[in-house]
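The whole structure should be built from the sequences, with the hints applied where relevant.
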Amino acid sequence: MISFIIRRVLLVIPTFVAIAFLTFVAIRLVPGDPVEARTGERGISPERLAYFRHELGLDQPVWKQFLDYLWQIAHGDFGTSISTQTPILTEFTTLFPATLELATCAMLFATILGIPAGVIAATRRGTFVDYTLMGAALTGFSMPIFWWGLLLILFFSVDLGLTPVSGRIDLLYYFEPVTGFMLIDSWLSGEEGAFASAVSHLILPTIVLGTIPLATIARMTRSAMLEILGEDYVRTARAKGLSPFRVVGIHALRNALIPVVTVIGLQVGALMAGAVLTEYIFSWPGIGSWLIESIQRRDYPVLQGGILLVSGIVILINIFVDLLYGVLNPRIRHAR
Amino acid sequence: MPLLEISELSVDFKTGSGQFRAVDGVSLTVDRGEILAIVGESGSGKSVAMLAVMGLLPWTATVTAKTLAFDGRDLLTLSPRERRKLVGKDMAMIFQEPMSSLNPCFTVGYQIGESLKVHLGLTKSERRQRSIELLNAVGIPDPERRLSAFPHQLSGGMSQRVMIAMALACRPKLIIADEPTTALDVTIQAQILELLVSLQRETDTGLVLITHDMGVVAETAERVSVHYAGQKIEEQPVGPLFSDPHHPYTAALLAALPERAKGKHLPSIPGVVPGQFDRPPACLFEPRCRFATDRCRTKVPPRQGAIAGFALCHYPLTHGRPIGHPNPEGREVAA
Numbered sequence: 001m002i003s004f005i006i007r008r009v010l011l012v013i014p015t016f017v018a019i020a021f022l023t024f025v026a027i028r029l030v031p032g033d034p035v036e037a038r039t040g041e042r043g044i045s046p047e048r049l050a051y052f053r054h055e056l057g058l059d060q061p062v063w064k065q066f067l068d069y070l071w072q073i074a075h076g077d078f079g080t081s082i083s084t085q086t087p088i089l090t091e092f093t094t095l096f097p098a099t100l101e102l103a104t105c106a107m108l109f110a111t112i113l114g115i116p117a118g119v120i121a122a123t124r125r126g127t128f129v130d131y132t133l134m135g136a137a138l139t140g141f142s143m144p145i146f147w148w149g150l151l152l153i154l155f156f157s158v159d160l161g162l163t164p165v166s167g168r169i170d171l172l173y174y175f176e177p178v179t180g181f182m183l184i185d186s187w188l189s190g191e192e193g194a195f196a197s198a199v200s201h202l203i204l205p206t207i208v209l210g211t212i213p214l215a216t217i218a219r220m221t222r223s224a225m226l227e228i229l230g231e232d233y234v235r236t237a238r239a240k241g242l243s244p245f246r247v248v249g250i251h252a253l254r255n256a257l258i259p260v261v262t263v264i265g266l267q268v269g270a271l272m273a274g275a276v277l278t279e280y281i282f283s284w285p286g287i288g289s290w291l292i293e294s295i296q297r298r299d300y301p302v303l304q305g306g307i308l309l310v311s312g313i314v315i316l317i318n319i320f321v322d323l324l325y326g327v328l329n330p331r332i333r334h335a336r
Numbered sequence: 001m002p003l004l005e006i007s008e009l010s011v012d013f014k015t016g017s018g019q020f021r022a023v024d025g026v027s028l029t030v031d032r033g034e035i036l037a038i039v040g041e042s043g044s045g046k047s048v049a050m051l052a053v054m055g056l057l058p059w060t061a062t063v064t065a066k067t068l069a070f071d072g073r074d075l076l077t078l079s080p081r082e083r084r085k086l087v088g089k090d091m092a093m094i095f096q097e098p099m100s101s102l103n104p105c106f107t108v109g110y111q112i113g114e115s116l117k118v119h120l121g122l123t124k125s126e127r128r129q130r131s132i133e134l135l136n137a138v139g140i141p142d143p144e145r146r147l148s149a150f151p152h153q154l155s156g157g158m159s160q161r162v163m164i165a166m167a168l169a170c171r172p173k174l175i176i177a178d179e180p181t182t183a184l185d186v187t188i189q190a191q192i193l194e195l196l197v198s199l200q201r202e203t204d205t206g207l208v209l210i211t212h213d214m215g216v217v218a219e220t221a222e223r224v225s226v227h228y229a230g231q232k233i234e235e236q237p238v239g240p241l242f243s244d245p246h247h248p249y250t251a252a253l254l255a256a257l258p259e260r261a262k263g264k265h266l267p268s269i270p271g272v273v274p275g276q277f278d279r280p281p282a283c284l285f286e287p288r289c290r291f292a293t294d295r296c297r298t299k300v301p302p303r304q305g306a307i308a309g310f311a312l313c314h315y316p317l318t319h320g321r322p323i324g325h326p327n328p329e330g331r332e333v334a335a
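If you read the sequences in order, they're chains R and F. Residue numbers are given in my numbering: position 224 of the first sequence equals residue 224, and the series is strictly consecutive. Residue numbers are given in my numbering: position 22 of the second sequence equals residue 22, and the series is strictly consecutive.
If you are wondering where the hints come from, they were derived from the structure by calculation, not from laboratory data. Every value quoted in this text rests on a predicted model; they were computed, and no experiment measured them. All C-beta atoms, glycine included, are put in the ideal place defined by N, C-alpha and C. Hints are not guaranteed to be accurate.
Stated by the list, open to error - Some chain F residues judged to face chain R by a derived CB distance under 8 Å, without partners named:
id, residue
1, Met-54
2, Leu-56
3, Arg-84
4, Lys-89
5, Ala-92
6, Met-93
7, Phe-95
8, Ser-100
9, Leu-102
10, Asn-103
11, Glu-114
12, Val-118
13, His-119
14, Phe-150
15, His-152
Laid out in C-alpha cells, this is it:
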C-alpha cells in the first residue's frame with residue numbers, strides 16, 4: 001500500500017515537468033510579454049523595455065529560462081507575481097479554497113443526484129422514466145457552460161430575483177476568513193443571514209459547474225448498472241429472497257460503483273476546466289478568475305505556477321481515487 | 001400433499017421477434033426428502049421452469065400455470081413481498097457457475113450471513129456461529145478464516161461449496177440445483193454431488209437436480225423427468241428409466257452414453273432442439289425421431305399413462321419397440 005503510494009507520487013514528477021513545459025511554451029507563444037502588457041498603449045522607450053526585460057530574465061534564451069524555472073520549482077519556489085509582487089503560493093492558498101468549495105459542492109451535487117438517477121434509469125430500462133432521465137442527461141452533457149450559466153442567471157436571478165448574480169456573499173457581511181471556505185466561515189461568524197447568503201451565492205455556480213459531471217455520472221451509472229444487473233451474482237442475491245432495494249442498492253450498486261468512481265476521478269480534471277469558466281461568469285474569486293487575469297496580464301509566473309499547482313491537485317485526487325478503487329474492489333486490493 | 005406441485009406451467013418470453021415459449025405445459029411434483037432429476041439438452045427449458053418456481057425470471061417472461069404450489073401455498077397469488085419470505089428461506093437455489101454466482105465485492109461471511117439476517121433475524125455473533133457451522137458442513141477447511149475471504153480467493157469447487165452453504169443457511173425444505181457440477185473439474189464433480197446428496201439426506205429436504213449428465217442422474221436421482229423443447233416428455237423412477245425408456249428421445253439420449261456405445265462411433269441424436277422459428281406443429285421431437293410417421297407430423301401426441309412413463313408420444317417404446325407403430329424397426333435419420 002505504502003509502496004504503491006510512493007510509486008504513484010514518483011510517477012507524478014515527469015508529468016509535472018511535461019505540464020510545466022507545455023504552459024511555459026504556450027504562454028510565450030501568445031504575442032506580448034509582461035512588460036508590454038503593463039506599459040499598455042502609451043509605449044515605453046526601448047532602453048526601459050530592455051531594462052525591465054533583463055530584470056525579469058526575459059532576455060535569456062527560452063531553454064535557459066525553462067531550466068532556471070525548473071530549478072526554482074525543484075526548490076519549492078513558485079516565484080512571485082509580476083503584477084502584484086505577492087508570492088504565488090500565497091495567492092494560490094488564499095484563492096484556492098473558493099475554487100475548492102465550488103468544485104466540492106458541484107461534485108457532491110453531481111454525485112448525489114447522478115448515481116440515483118443512473119440507478120433508477122437502469123432499473124426502469126426502456127420506460128418513460130429512463131428516456132426522460134437519459135434525455136435530460138444528454139441535454140445537460142451537451143450544454144455549453146457559458147450559455148447554461150447565463151440562462152440560469154437570466155431566469156433565477158434576473159426574472160425571479162431568487163439568487164444573487166455574482167460573488168460569494170453579500171457585501172453586507174464582513175468577517176475574517178478562518179478556513180477560506182465561505183460556507184464554514186459564514187457559519188462560524190455567527191452573523192445573522194451570512195450563512196444563508198453564502199448558500200444562495202453558491203447555488204447557481206454549483207448547478208452550472210455540476211451539470212456536465214452530473215450527466216456523465218448518471219449515464220455511466222446507468223450503463224454500469226445495466227451490465228451488473230445481468231450478472232449471475234445479482235440473480236443469486238434475488239434467489240436469497242432479498243428486497244429489490246438490497247439487490248439493486250447493495251449487491252449491484254457496489255459493483256457498478258467501480259467504473260463510476262473512475263469516471264468521477266476523471267471528471268475532477270474537467271471540473272477544474274469548468275471552474276475557470278464558471279468562476280468567470282459568476283465573478284467567483286477563485287483560481288479560475290485568477291488564471292484568466294494572469295493570461296491578460298501575461299503574468300508568466302502566476303500562470304505557470306497556478307496551472308502546475310492545479311494539476312498537482314488533480315493528480316493527487318486521481319491517486320486518491322485509485323486508492324478508493326481498492327476499497328471498492330477487493331480483487332485490486334489483494335493484487336497489490 | 002407434495003412439497004412442490006407444478007401443473008401445466010408455461011413460460012413465454014417476449015422477444016424482438018415475437019413470443020417464444022420456453023416452457024410448455026410442464027407438470028411436476030417433488031416430495032419432502034426426495035431427489036427429482038430434470039434432464040434435457042440445453043434449451044429444453046429445464047432451468048427456466050425452476051427459475052419460474054423461484055420467481056427469478058426477468059420481466060420479459062410471462063408465467064402461467066394451473067397450479068404452482070409450494071408447501072401448501074399458492075405461489076401464483078402470493079404478493080412479491082410474501083414470496084420473498086419463502087425464496088431463500090424455504091426454497092433455495094444453487095447455480096451452474098459458482099465463480100460468477102458469488103458477488104465479488106463481498107466476503108464469504110457476509111454473503112452467507114445475509115439470508116440469516118434477512119430471514120431469521122440472527123445477531124452478528126449468531127450469524128458468524130451459524131456460518132462457521134455451515135462451512136464446516138460443506139467441507140471447507142479452516143472456516144473461521146474463510147469467512148473473511150473474497151470469492152476471487154476461492155477455487156471453483158470451493159465457491160460451489162460456499163453456494164451450497166448459502167443455500168442451506170436457513171434450512172430450506174427444497175433445494176433446486178441447476179447443473180451444480182457442470183462448470184467444475186471432473187475430479188471435483190463427484191465430491192460436490194456426494195456432498196449435496198448427503199446433506200439432502202441428513203436434512204430431509206427435497207432436491208431438484210437439473211442436469212444434462214445421465215451419469216449424475218444414475219448416481220443420485222430417485223425420479224427422473226426428461227424434458228425436450230420446453231415439454232416434459234417422460235417421467236419415471238430412475239431404475240426403470242434406464243432399463244426401459246418409453247420415449248424415443250429418452251432412448252436416444254441413453255443410447256448416446258459413452259458407456260453404452262457398442263461400436264467404434266458414439267451414437268448421437270441428429271439435428272438440434274427446435275428454436276423459435278422451426279417449431280414443428282405437432283410432436284416436437286418428430287424431425288429427429290427415427291420412429292416418426294405422418295401422424296407424428298400432424299397430430300399432437302397424447303400423454304401416456306404411468307405404465308408408459310407419462311411419455312408424450314404416439315408410439316411409446318416398450319423394451320425398445322414402439323407400440324402400435326406401422327414399422328417397428330424405424331428408419332435411419334440422416335444426421
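Results for each hint:
1. Restraint check, Met-54(F) versus chain R: the minimum CB separation of about 6 Å is within 8 Å; hint holds.
2. Evaluation of the Leu-56(F) hint against chain R yields a held restraint, the C-beta minimum of about 6 Å falling below 8 Å.
3. Taken as an interface hint, Arg-84(F) checks out: its beta carbon lies about 4 Å from the nearest beta carbon of chain R, inside 8 Å.
4. Proximity of Lys-89(F) to chain R holds as hinted, the smallest CB-CB distance being about 6 Å (cut-off 8 Å).
5. With 8 Å as the threshold, the beta carbon of Ala-92(F) comes within range of chain R, its nearest partner Cβ sitting at about 7 Å, so the hint holds.
6. At a threshold of 8 Å, the smallest CB-CB gap from Met-93(F) to chain R is about 5 Å, leaving the interface hint in force.
7. Annotation: interface hint on Phe-95(F) holds; nearest CB of chain R at approximately 6 Å, less than 8 Å.
8. About 4 Å separates the beta-carbon of Ser-100(F) from the nearest beta-carbon of chain R, less than 8 Å, and the hint is met.
9. Interface restraint check: Leu-102(F) against chain R, minimum CB-CB distance 6 Å, threshold 8 Å, status holds.
10. The closest approach between the C-beta of Asn-103(F) and any C-beta of chain R is roughly 4 Å, which is under the 8 Å cut-off, so the hint is satisfied.
11. Satisfaction of the interface hint for Glu-114(F) is found here, the shortest Cβ-Cβ separation to chain R being roughly 6 Å, below the 8 Å cut-off.
12. Among the interface hints, the one on Val-118(F) holds; its C-beta lies about 6 Å from the nearest C-beta in chain R, closer than the 8 Å criterion.
13. Annotation: interface hint on His-119(F) holds; nearest CB of chain R at approximately 7 Å, less than 8 Å.
14. The interface hint given for Phe-150(F) holds, since its Cβ lies 4 Å from the closest Cβ of chain R, which is under the 8 Å cut-off.
15. Annotation: His-152(F) was flagged as interfacial toward chain R, and the flag holds, the nearest CB pair being 5 Å apart, inside 8 Å.
Hint compliance for this structure: no hint is broken.
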